[in-house]
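As a plain string of letters, each chain reads:
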Amino acid sequence: GENVEQHPSTLSVQEGDSAVIKCTYSDSASNYFPWYKQELGKRPQLIIDIRSNVGEKKDQRIAVTLNKTAKHFSLHITETQPEDSAVYFCALRGGGNKLTFGTGTQLKVEL
Amino acid sequence: SAVISQKPSRDICQRGTSLTIQCQVDSQVTMMFWYRQQPGQSLTLIATANQGSEATYESGFVIDKFPISRPNLTFSTLTVSNMSPEDSSIYLCSVLRAGTDTQYFGPGTRLTVL
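Note that the protein sequences, when read in sequence, are chains X and D.
Each step along the first sequence adds one to the number in my numbering, with nothing skipped, and position 14 is 14.
Each step along the second sequence adds one to the number in my numbering, with nothing skipped, and position 71 is 182.
Calculated from the structure, these hints are not laboratory results.
Quick reminder that beta carbons are idealized off the backbone N, C-alpha and C, glycines included.
Hints are not guaranteed to be accurate.
Said to hold, decoys possible - Mimicking DSSO-like on lysine-lysine, the simulated pairs with C-alpha atoms at most 27 Å apart in a straight line are: (1) Lys98(X) - Lys42(X); (2) Lys71(X) - Lys176(D); (3) Lys42(X) - Lys22(X); (4) Lys118(D) - Lys176(D); (5) Lys22(X) - Lys71(X); (6) Lys42(X) - Lys118(D); (7) Lys22(X) - Lys98(X); (8) Lys118(D) - Lys98(X); (9) Lys42(X) - Lys176(D); (10) Lys42(X) - Lys68(X); (11) Lys37(X) - Lys118(D); (12) Lys98(X) - Lys68(X); (13) Lys22(X) - Lys57(X).
Said to hold, decoys possible - Covered, in the sense of this in silico footprint (three residues per stretch, anywhere, with C-beta under 8 Å from a C-beta of chain X), are these stretches of chain D: (14) 144 to 157; (15) 171 to 185.
Kindly produce the complete structure, drawing on both the sequences and the hints.
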């Protein structure tokens, strides 16, 4: 099946700094790329997504960029806050409307 | 958004027994999926639950171990059969509506097998 590599696996930043998480993939047919945030003990929640016909999308402090040629997409969080601490998963949609998830990034925002 | 409920929220079971997890959605959805999330790991798709027909299983998952039902557009069950400690995990139901991209997740069922 589709393979999604996600880096880094852990990321620690100071409050107010930016955080960037990157995912790479191999299937050029993938056309939808969501990002989920999962707090401890909670379900994954969609925070932002992008379709393949768009290069960048922004929602307040969160942005996603997509480079289809290079087959990678990234999550950018600016002005990080302690409540941004969570595990973040990238994903992509392939055949059969199935989502394949990256391995996750544990983000810790330190005061 | 979609309101998704799962029952039970958690359970502790003895090895060799089976547990059925229920997923109920508040409105009709096109697709329903079952995922497994082992402790500290990512989400792995078990199968796509098809209404009125056999589920479509991913590589490494079989119907005898994870039988799935979907009698209508808003309800599905996943059974974890003949459980072993390796089945200890969180099982999540997920849904997708026709014409939309957003996939929503249920709250999950935390299963511990002793």
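Hint check:
1. Straight-line distance between C-alpha atoms of lysine 98(X) and lysine 42(X) comes to about 21 Å, which keeps the hinted pair within the 27 Å bound.
2. Note on lysine 71(X) and lysine 176(D): the hinted pairing is violated, with a Cα-Cα distance of about 36 Å set against a maximum of 27 Å.
3. Only pairs whose Cα atoms come within 27 Å are accepted, and lysine 42(X) paired with lysine 22(X) is accepted, the gap being roughly 23 Å.
4. A hinted pair counts as satisfied when its Cα atoms are at most 27 Å apart, and lysine 118(D) with lysine 176(D) qualifies at roughly 19 Å.
5. Between lysine 22(X) and lysine 71(X) the alpha-carbon distance is near 11 Å, which keeps this suggested pair within the 27 Å criterion.
6. Simply put, lysine 42(X) and lysine 118(D) have alpha-carbon atoms about 15 Å apart, close enough for the 27 Å limit, and the pair holds.
7. Restraint check for lysine 22(X) and lysine 98(X): satisfied, since their Cα atoms lie roughly 21 Å apart, inside the 27 Å limit.
8. The hinted pair formed by lysine 118(D) and lysine 98(X) meets the criterion: a straight-line CA distance of about 23 Å does not exceed 27 Å.
9. This hinted pair checks out: lysine 42(X) and lysine 176(D) have alpha carbons roughly 26 Å apart, not beyond 27 Å.
10. Note on lysine 42(X) and lysine 68(X): the hinted pairing is violated, with a Cα-Cα distance of about 31 Å set against a maximum of 27 Å.
11. A threshold of 27 Å between alpha carbons decides the hint, and for lysine 37(X) with lysine 118(D) the separation of about 23 Å falls inside it, so the pair holds.
12. For the hint pairing lysine 98(X) with lysine 68(X), the CA-to-CA distance comes to about 19 Å; that is within 27 Å, so the pair holds.
13. Note on lysine 22(X) and lysine 57(X): the hinted pairing holds, with a Cα-Cα distance of about 15 Å set against a maximum of 27 Å.
14. With 6 residues bearing a CB less than 8 Å from a CB of chain X, the segment 144 to 157 of chain D meets the requirement of three and the coverage assertion stands.
15. Chain X is given as covering the segment 171 to 185 of chain D, and this is violated because 0 residues of the stretch bring a CB closer than 8 Å to a CB of that chain, at least three being needed.
Violation of the numbered hints given earlier is confined to hints 2, 10 and 15; the remaining hints are satisfied by the structure.
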